[in-house]
Structures are given as C-alpha cells and as structure tokens.
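Q: Listed below are the residues making up each chain.
2 protein chains.
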Amino acid sequence: MAKNEKTAISPTRAEDYAEWYQQVVRAADLAETSPVRGCMVIKPWGYALWENIQREMDRMFKATGHKNAYFPLFIPKSFLEKEAEHVAGFAKECAVVTHHRLIEGPGGGLVVDPEAKLEEPLIVRPTSETIIGAAFSQWVQSYRDLPLLINQWANVVRWELRTRLFLRTSEFLWQEGHTAHATEAEARQETQQMLDVYATFAEDYMAMPVLKGPKTASERFPGAVETFAIEAMMQDKKALQAGTSHFLGQNFAKASEIKFQTKEETFEYAWTTSWGSSTRLVGGIIMTHSDDDGLIVPPRLAPAHIAIWPVFRGDEGKEKIVEYIQSFARELRDITLWGRPLEVEVDMRDIRGGEKQWEWVKKGVPVRIEIGPRDVDGGVVTVARRDRTPREKENLSRAEAPAKIRAILEDMQRGLFERARKFRDDNTREVNDYESLRRFFDKEGGGFALVHWDGTAESEAKFKDDFKATIRCIAQAPERAAAWGERMLEPGKCIVTGNPSPRRVVVARSY
Amino acid sequence: MAKNEKTAISPTRAEDYAEWYQQVVRAADLAETSPVRGCMVIKPWGYALWENIQREMDRMFKATGHKNAYFPLFIPKSFLEKEAEHVAGFAKECAVVTHHRLIEGPGGGLVVDPEAKLEEPLIVRPTSETIIGAAFSQWVQSYRDLPLLINQWANVVRWELRTRLFLRTSEFLWQEGHTAHATEAEARQETQQMLDVYATFAEDYMAMPVLKGPKTASERFPGAVETFAIEAMMQDKKALQAGTSHFLGQNFAKASEIKFQTKEETFEYAWTTSWGSSTRLVGGIIMTHSDDDGLIVPPRLAPAHIAIWPVFRGDEGKEKIVEYIQSFARELRDITLWGRPLEVEVDMRDIRGGEKQWEWVKKGVPVRIEIGPRDVDGGVVTVARRDRTPREKENLSRAEAPAKIRAILEDMQRGLFERARKFRDDNTREVNDYESLRRFFDKEGGGFALVHWDGTAESEAKFKDDFKATIRCIAQAPERAAAWGERMLEPGKCIVTGNPSPRRVVVARSY
Chain A
-10 MAKNEKTAIS PTRAEDYAEW YQQVVRAADL AETSPVRGCM VIKPWGYALW
40 ENIQREMDRM FKATGHKNAY FPLFIPKSFL EKEAEHVAGF AKECAVVTHH
90 RLIEGPGGGL VVDPEAKLEE PLIVRPTSET IIGAAFSQWV QSYRDLPLLI
140 NQWANVVRWE LRTRLFLRTS EFLWQEGHTA HATEAEARQE TQQMLDVYAT
190 FAEDYMAMPV LKGPKTASER FPGAVETFAI EAMMQDKKAL QAGTSHFLGQ
240 NFAKASEIKF QTKEETFEYA WTTSWGSSTR LVGGIIMTHS DDDGLIVPPR
290 LAPAHIAIWP VFRGDEGKEK IVEYIQSFAR ELRDITLWGR PLEVEVDMRD
340 IRGGEKQWEW VKKGVPVRIE IGPRDVDGGV VTVARRDRTP REKENLSRAE
390 APAKIRAILE DMQRGLFERA RKFRDDNTRE VNDYESLRRF FDKEGGGFAL
440 VHWDGTAESE AKFKDDFKAT IRCIAQAPER AAAWGERMLE PGKCIVTGNP
490 SPRRVVVARS Y
Chain B
-10 MAKNEKTAIS PTRAEDYAEW YQQVVRAADL AETSPVRGCM VIKPWGYALW
40 ENIQREMDRM FKATGHKNAY FPLFIPKSFL EKEAEHVAGF AKECAVVTHH
90 RLIEGPGGGL VVDPEAKLEE PLIVRPTSET IIGAAFSQWV QSYRDLPLLI
140 NQWANVVRWE LRTRLFLRTS EFLWQEGHTA HATEAEARQE TQQMLDVYAT
190 FAEDYMAMPV LKGPKTASER FPGAVETFAI EAMMQDKKAL QAGTSHFLGQ
240 NFAKASEIKF QTKEETFEYA WTTSWGSSTR LVGGIIMTHS DDDGLIVPPR
290 LAPAHIAIWP VFRGDEGKEK IVEYIQSFAR ELRDITLWGR PLEVEVDMRD
340 IRGGEKQWEW VKKGVPVRIE IGPRDVDGGV VTVARRDRTP REKENLSRAE
390 APAKIRAILE DMQRGLFERA RKFRDDNTRE VNDYESLRRF FDKEGGGFAL
440 VHWDGTAESE AKFKDDFKAT IRCIAQAPER AAAWGERMLE PGKCIVTGNP
490 SPRRVVVARS Y
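Taken in sequence, the protein lines are chains A and B. Mapping of the first sequence onto this note's numbering: position 293 corresponds to residue 282, and the numbering continues sequentially without gaps. Mapping of the second sequence onto this note's numbering: position 323 corresponds to residue 312, and the numbering continues sequentially without gaps.
Read the hints as simulated data drawn from the structure, not as lab findings. Some clues are possibly wrong.
Identical copies go unnamed one by one, so any copy, or any two together, can satisfy a pair.
[Claimed, not checked] Within a straight-line C-alpha distance of at most 30 Å, the following computed DSS-like cross-link-like pairs (lysine-lysine) qualify:
1. 66 to 451
2. 432 to 226
3. 457 to 411
4. 307 to 345
5. 81 to 106
6. 51 to 345
7. 81 to 66
8. 51 to 393
Please take these sequences and the hints and turn them into a complete structure.
A: In structure tokens:
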C-alpha cells in the first residue's frame, strides 16, 4: 500500500518500465498469466475495458456498412497453404490439432488415441483470410454480390515463446475485417477507410494519438500487397502498432478462387482487404496513460466512470451516509455521456478506507468520491480525479456535483489526449545524420526519429541491426499531426546512403 | 420461388421435418456448413440474431451481479483429468493440439514438425470448469472473495460426427457462467436463479415456452451433483434442451483446490455452479416459429424489424417514392421498442419485386412494406406481417402507420408465444399405461408424455430402448405452465413397474 512518500506501483516507470507494466496490470486486476503456456486470463476489470472497446468499434464498423459473421476456429492445413507467402508467415507459430479423442492409457491416465488421428491436420486460426476466402468464393458470384463487407470478433492463436500480457500472447481476442470488391480502387479506398476508423478510434476513444500510413515491404502482412498501420508512442518512447489494414490485391482471391461475373459478363477475380485490431489495444491504453500509482483509463472507455464509498466515523449517521450515497449514485447514473449512462461503482466493502482509495487509484477509475458525515452535513461531495495526484481533492456542492463531474470526465478525456500528444511530439525529432541517430537511440532515450530513407531494404535493415529500430510507417498527412509534420514531406537525402529521399519516414523501437 | 399454390420452402414440415429445417436455414441465409468437418459458418443474418440473443442475455447476467471474463482456449490434459467423471464425459469427443509448428516436408508441402511436439497435449475447451477452476483457486482466498460470479462468452469444441447447423456442431458459440459460493444453500440458489433467467429469456424474448426443472441422474452434466434444464417443444413435437444450470457441489472445488478461509478462520471448499446456453438457441427459434415459407423470428430478437422497398411503375414518380420511403424509415427508426430503436432495412436492390418479397418472407423479417406510386398518392403504406399468410396485406394511413406498426410487433411477439404454447399444450398428454405410451410415440406422433416413474435408472432406460425417448425434466411448478400441470404433482404408479411415484415426469424424444 502506498504511503505519502511512495508510489503505489513499484518499480516506477523510470526504474524499470517493463516490470512497471506488469505491476500495473496486476495492481489494476486486468489480467494474469495462466497455466497454459502463453495464454492469459482476462479478469473482469480488463474484460470490461475490452467490452467497451468492442462496443464502440463495432458501432463504427456497422456505421461503415460492415456486418458481423463467424467462421470456423480451425483451418485445414491445405487452406493455409493456398497462399505461399501467407503460410510461410504463420507456419512457424501455429497450434496444430492432430487428433480428436483421448483414451485410457496403459498407466491409467488418458493418452491421445492414435486411432483418432485426423486425415489432415487442422491449424487453430492465426488469422482467417484462407477460411473466410473459401466462404467468399461461394458467396461472390456476380458484381451484384459486391462489395462484401464482413467483420468477425474472435480468438486467434499464434504460438509465442516470449509473451507479455495484452501485448503478445499466444491466444488473443481480436476483430478481423474481410472485404471483397469489384475494383482495385474500391478495395484501396476500403483499406484507407478502415485505417481511418482505427485512427479515429485510437484518438477519440483511447485518447491515444497515432500516426498512420503504409508500412515498408519488410513489415507487410504475409500475402498482402500493402499494409497500413496506426502507430502510437508509449511512455518508454517505443512505438506500438495498434491496428493494421491490408490491401490484399487479388492475391487471396486467386488463392481462394473468389471470382465474379462483371456487368459485361466477363469473369474477374475480386479485390480483397483485411484489417484487424486486438486486445493489444488494452496494452496501448495502459502504456499511454498510466502512472506510477497504477492504471489510468480514458473516461470514454472506462469500465466504471466513478467509484463512491462511505467513510464512517463509528456508527455516527451511518444510515444517512448510505442514503446520501445511494441517491447521489442514482442521479449520476441518470447522466448520459458519450451515448451511454455513467457507470458508478458503489463500494460498500468492509475494508479500510485507505485501502479502498488506493485500490480505485490503481484500477484507474476516473473519478473517486468519498462520503463522510461532514459531507452529508455540509451538503457537499469530495471528489478526486485520477489525472491529478492521489491526495488532491475538491469539494463540490451536492447540487452542482453531477454536472461538474460530467465536465470533469470530458476534461479528463481531452487532457489525457493532449498530454499524450505532447509527450509524443516532445519525443519526436528530425534526425539528419547517422551519428545523431545513433546518439538518439543509444544515449538520448530514443523516440520517433524522422529520417530520410532511400526506399531500399538494405538501408532499412541497418536501423534494425544497429539500433533494433524499424521504420514504423510512412506517415500520411503528417502535417496534420504536429508542427514537425509539415517538414516531413520535404525531400532530402537518405540518412544511411545519402541517396535521394522523397520524404521522411518514422523510425523507432517498438513492441 | 414460391407461387400461389406452393410454399417457399420445400419440403414442407409435414413432408420431411429434418430437411425442412436445413432448407429454412439456407433460405434465410442464417448459416452454412464449412469445409472444416463439423464446423459451421454463421452468416450475417444468423449472426445478427445471435448478437441480439447475446446482448439481452448479457444484460440479464449483469443485472444479477455477474461479470464477464475470458479464460484460455486450451486446457492441459492434466487439468481435464482432475475430475474423473468430467473427463470421462468429454475425452471421446475432443480436439487435441499436439504440435506448435509446421515445417516444409520432403514433398514440398508443409508437414507437422515432429520436433515441435508439446510436452503435454492441449485440449481445445469443450467447457471450462477445470481451467476456470484453476483461476478461481487463486482468486478465492477468504469468505470476503465470495460469491465469485463470472460469465464467459466463448467458442467451444466437442467433436461430433453427425452435425446439424446450430443444433449440433463441433464448434459452437456459447456463454458459460461459473460461480463459487461460501455455502451450499447459496450455490443452489444461484443454480436456480440462472435456470429462471434462462426460462425468462426463452419465454419473453424467444417467445418459446419452456418447462424447467432437474434432469435425472443419467442426464447430468459430467461431474455435477445436479443438472437443471429448460426444455421446449419443437414443431415436430421433439424436445429441445435450450439451457442448463448445474449445481456442482464441492466436486470441482476439490478437484481444483478452490478453498477459502471462513469468518471462523477455518478452511472450506467452495460450492460451485456452472450454467450455459449456446447458438443452439438459434435452432430453437427456427424450429419453434418458422413455417413452410421460411423463417419466423420473434420481433424482440429480429435482426431487423421491418423491410421496406419500392415498387416502381416505369419511371413514374420514382423520386417521390424514394423520398417517401426514406422519410418513413427515419420515422420508424425513431421508435423505441423493448429498449432499442426499430431496425429498418431499406432494400433498394435492383431485383424483381416478387423476388424481393419472397426473400424477406424467407428471412423472417416481422413486417414487410412495399411502397408504390399509389401508396404515395394515397398517403398510405401497405404492410404485411410475417405471422400471416404472405399475400395478406393491410393498408395503413401514413400518419398512423408508425404507431400501428409498433403495435403489430408487440402483438406478433405475444401471438408467437401463445401459438407455441398452444402447440406444446395440445401435444402434451398424461399417459397412464405402457401400451398407451407406445401408441403415443409410435402411432400418434409423440409429444410430451406426462408419466409416473419410480425413480430408477432401469425404468428410465426402457423409455430410451423402446421409444428413443428420455425423461426431459422433472418439471418445477408445472401447475403454472398449463392446465395439465396441476395434476402432474399428484402421486401415482410408475408406468413401467407399477411401483409408487411421487409425481409425473416429462418423457419425450429430443434433439
């Protein structure tokens, strides 16, 4: 438990960022590792955050004309093999189902029944292009069936040896959009549209500023013609790729035979896209906003906006306090903010007030309210905001409190975004020679380096070899992102080779 | 396409019920089989129905204090083995992950990498008692941590050889509740509460009347002390088990070491429950309400409540018709019914009106509206209800139409329930001797037979051997279900042995 002089989370970000992250996840009760290698348990507070992400994203997908559907968990090996680059990208890290029965073994325990071997191994989906492609090839017959705009909410598995809760786990939850179009232009437009949806969601809901744009060839999704991503900066100045949108050309349509009859009665392969985002977003929220006292959640996605609890002094006026809290909570729940009623947790557990306070601090609830006998007598409520220091409190009159709390939540949502944007911009720098780049990453703590690059894989590889950094994206419209953005579009000379470069790219270490 | 004299679905229910079911699923575009053995693809219209089921159930679970969480897809073999009856129940039908990598084979294709064999096989969850139990054993330390009320929305896999869309598939979607309690009484109360939630959902939302009560020992969930179920009657008079709630006693707590310190500082095993319902509910909706023209969906769960389309006569007043439709659709969407805005599909596709009409009939949209030039001129709308014959239409004045359509939807919801209840009651009969029971199942089409039973497994087995029928449940409070219910509670003599029977039970063939 934190004392005056200490922080609630130990180590602090400055002391050990990676361990701080794990401790925040634990202290906020978001998730935990499981006895199953690489798989996490998402606990109620973490899952509620994911549900809020899901609900809002789902609304955005539906508003852009997409419909949800559900496809099999298993992909026959032969399906995965249909697109050569694709299978090469996933073969090394997939869970393979080979049998369909256990029987009693000679020792009494259960063993895999050798008689129940599958004719063809099934891969637990790492992504669903090939199995959805099989369905699309049936659904798409004529240009009238296009565009086909589908999304799936599902679990996927990519076998990972080194895992980190939310950021990299063998099983994770995600959504994957899959669309088919009659023309290249329309498919490209869809790819861009969904990239924009992700960017809007990240900024307006997660309060997490992002750069968006195409990845380089080496960072493309296996089988894609072009991959776009949104990239955010975490508080350790590393980049987090938080959503990707792929233009798949006709690669997967050819692999899965997604063909349609045109108006002119010719036959053509469809143009497809896919786009995904995952429980990794929860990791992004944690690392963008939280501090050394624990989780901070943007109010717009918070599992609860407000926690209220009583502080009793003996039995003095106990009943009155409880009534006061309950009528206040009811009034707060009648407030609609961002299209849903405020979520209020009334915490009546019989534990010490200090313990309770710190628990809600660590869980990141935006507004905390303690009600004691003096509050009741004075007709006030004592309010603490999670974006201020834990001991900073404000007295509001009971009558004005609901409206003011609403305003506090809106202010906090804006403030978290502005703080994160400032942090990102403060740690984004134009770097013009290779020695400065070395200093930037090795001595000065890194961040987003804006450098000129000649477009070759060789120059790109040097960033990785020398600094473990990669080109995160070729940011679109950077001039709208920040003051430094305008100069990103000026031509220059590659920081590695001195060859001409049409514009700057973003180089950073990443998750 | 249906003609006057023909039905839209062939065969009809009377001709071949099982095939009629498949054809309704196909004609309504709800789901299809996939190239992966036993796994289905849930198409947008079917998935939207499932989403509506999920949303409403989830609300009911949360209102009764449950929180959602997420646990691993994989269960280590040793976990499944912890509860002996449990593993015996699932070992024969489980998908086993044995390897975590594919490599290039000698022939060029990919093969399972023998070097990447898992130390312990992982079972794709058929249900999650054991893996959730492992988490609960950590989460529960003190009586203060109880009750622990968790729900999970997930996919599960039970290897099936004979599958039927929604009713029996190897992979299906479901929710599984898992709770832990300090006392037996509280756990039993929870088991009953969730059974009641399922019954309320089935009747109030699905418009599907159910009987509820304990199953006999032979029909219990593997490892449970007692299993309760809701049972509905389909139009072929077979029973559908549509949700189960299990009192697990301390069996799983002992297997998973879920122990807590009591107020008295002793240590005790917790009392646990689990309860589940699945995409099988979609099958229940289809088989309860649909007719020989296709799907009928209760309006409260319908993916869309209303479909509207124009009927043009050449170019005459085209623009006016489109405007009329759009303003009318806007007005309908402003109506809130059962807590959400009406969903309106405006169908502007360039296909023949007759084809369009039949498509919406087959998809089961509750209200269909065609707008032609005469409707616009007369200021009326022509409305057809899915619970009437396809050609029955009503003219409503434009001004009154929104309120009347709302009333039609409410009336349809009630009417579907009443019709289903009457069907069930008409096909429920007290049967008092074994020859009559034989006649009931073999000659008279079967249904729910209310018979006296002596409580032995031997007598129960005879129903299965002789009629492929089982005891569906020992209905609770049958006197509230129907007129015949009151007499169910009178004692009598077992229909098999003549031994004393305290009350009647429900015997039926089932899915």
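Q: Look at each hint and say if it fits the structure.
A: Each hint tested on the structure:
1. 66 to 451: Result: close neither inside a copy nor across copies, 36 Å intra and 45 Å inter.
2. 432 to 226: Within one copy only: 13 Å inside a chain, 77 Å across chains, cut-off 30 Å.
3. 457 to 411: within (25 Å within a copy, 71 Å between copies)
4. 307 to 345: Within one copy, since 18 Å is at most 30 Å while 65 Å is not.
5. 81 to 106: both (22 Å within a copy, 13 Å between copies)
6. 51 to 345: between (40 Å within a copy, 23 Å between copies)
7. 81 to 66: Answer is both: 13 Å inside a copy and 23 Å across each meet the 30 Å cutoff.
8. 51 to 393: This pair counts as between: shortest inter-copy Cα distance 28 Å, intra-copy 33 Å.
Checked against the numbered hints given earlier, this structure breaks only hint 1.
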